[in-house]
Amino acid sequence: DTGVSQNPRHKITKRGQNVTFRCDPISEHNRLYWYRQTLGQGPEFLTYFQNEAQLEKSRLLSDRFSAERPKGSFSTLEIQRTEQGDSAMYLCASSSQGDTEAFFGQGTRLTVV
Amino acid sequence: AQSVTQPDIHITVSEGASLELRCNYSYGATPYLFWYVQSPGQGLQLLLKYFSGDTLVQGIKGFEAEFKRSQSSFNLRKPSVHWSDAAEYFCAVGTPYNNAGNMLTFGGGTRLMVKP
Chain A
1 DTGVSQNPRH KITKRGQNVT FRCDPISEHN RLYWYRQTLG QGPEFLTYFQ
51 NEAQLEKSRL LSDRFSAERP KGSFSTLEIQ RTEQGDSAMY LCASSSQGDT
101 EAFFGQGTRL TVV
Chain R
1 AQSVTQPDIH ITVSEGASLE LRCNYSYGAT PYLFWYVQSP GQGLQLLLKY
51 FSGDTLVQGI KGFEAEFKRS QSSFNLRKPS VHWSDAAEYF CAVGTPYNNA
101 GNMLTFGGGT RLMVKP
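Chains as they are written, first to last, in this note's numbering: chain A, 1 to 113; chain R, 1 to 116.
Worth double-checking, as some hints may not be accurate.
[Claimed, not checked] Straight line, CA to CA, 20 angstroms or less: simulated EDC-like cross-link-like pairs of lysine to aspartate or glutamate:
| # | chain 1 | residue 1 | chain 2 | residue 2 |
| --- | --- | --- | --- | --- |
| 1 | R | K49 | A | E44 |
| 2 | R | K61 | R | E15 |
| 3 | R | K61 | A | E101 |
| 4 | R | K49 | A | D99 |
| 5 | R | K49 | A | E101 |
| 6 | R | K49 | R | E66 |
[As the list claims (entries may be wrong)] Not close to chain A: a few residues of chain R, all C-beta gaps over 10 angstroms, as computed:
| # | residue |
| --- | --- |
| 7 | R22 |
| 8 | Y25 |
| 9 | S26 |
| 10 | Y27 |
| 11 | L56 |
| 12 | K61 |
| 13 | G62 |
| 14 | F63 |
| 15 | E66 |
| 16 | S72 |
| 17 | W83 |
| 18 | S84 |
Because the hints were derived from the structure by calculation, they are not lab data. Note that beta-carbon positions come from the ideal geometry of N, C-alpha and C, so glycine has one too.
Isolated chain A, as found in the complex:
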């Protein structure tokens, strides 16, 4: 296993369109996190899964955002009716129960035009 994998790496979409990103965590990791990073800022926590259960959601996760992890393995993050303010890098991270470190993927950079 080479680490956390995110697809696509880059996505350009028109305002109002829906987009979906995928994250494949390290295979034995049961915890998965999504963060958003806007240009010049640090990452901000969006949501957290333990296995298939979504246990935490940030107030940043508006009703246009939805995340799933149906079988406790890969996860998807969908943004509906994209806005220019959604342009950012979306980072996924994973860890095992009891781990003190989360491993990050390379991110998906979204540009809304």
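Place chain R on chain A using the hints.
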């Protein structure tokens, strides 16, 4: 709620010079503290972390950081910077009192440039 401040947005040092990146946090108890590095267009790589015990922690690539409770600080240091250290550095805080332990609050980052 916890917060992290990295006062220096940009720092430029000469190759071979020493480096110190500042990080101040706000949290009611002893947090988990992390330093990550991010190269352009890449994800985050953990440099080092502090949970408890010895307040001086060693990390990868020759970095170290010191936890100072009285100053609520966790500054990152390196005795001699290499050109390959040019990147963005993020300090982060995690709390031991949630289910995840890895839900991190990040500072705004410090961009390090290295002069030849």
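#### Entry: Hints that the structure is at odds with (numbers, increasing)
none
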